[in-house]
Amino acid sequence: MMLRLLPFALLAAPLSAQAAAPPLPPELQTGLRCAALFSIVAAQQTRQGASDWPPLAKRGREFFVRVSARAMDAGKLDRADLQALIRAEVIALNPPESRAALKVPCLAMLDANVPAAGR
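Add 261 to the 1-based position in the sequence shown for the numbering used here, that's all there is to it.
Among these hints, one or two may not hold up.
List time: in silico DSBU-like cross-link candidates among lysine-lysine, alpha-carbon distance up to 30 Å [as the list claims (entries may be wrong)]:
1. K337 x K319
2. K364 x K319
3. K364 x K337
No lab work stands behind these hints, which were simulated from the structure alone.
Generate coordinates for the entire structure from the input sequences, incorporating the hints supplied.
Take a look at the structure:
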């Protein structure tokens with residue numbers, strides 16, 4: 262799914278699926294939160310240009326795909342369940358001030374899972 266379309270897809274996710282989804286291991290919960298954060302930042306980068314974040318359009322999308330697939334497998338989630346979990350993470354990441362503390366750990370997780378070209 263393209264990152265710029267993600268907010269629209271998340272709006273369509275049923276909130277009831279969130280309650281039905283089985284719990285995920287903490288590293289996958291963190292991964293989904295980082296994936297949601299990367300989606301938000303990539304969308305901002307597309308609209309507003311450069312930021313104090315590295316470009317996230319490609320690597321952020323790849324991270325999102327990888328962590329989503331792992332979460333679906335580990336939690337036996339369907340698309341609606343996954344969308345509801347990610348939607349909850351997006352909501353938790355608003356207001357923007359709540360994102361600052363996640364920048365360093367999420368970028369470390371990104372580097373560990375989707376290394377930048379040339380590394």
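For each hint, the structure was consulted:
1. K337 x K319: holds (26 Å)
2. K364 x K319: holds (17 Å)
3. K364 x K337: With Cα atoms ~28 Å apart, K364 and K337 stay inside 30 Å; holds.
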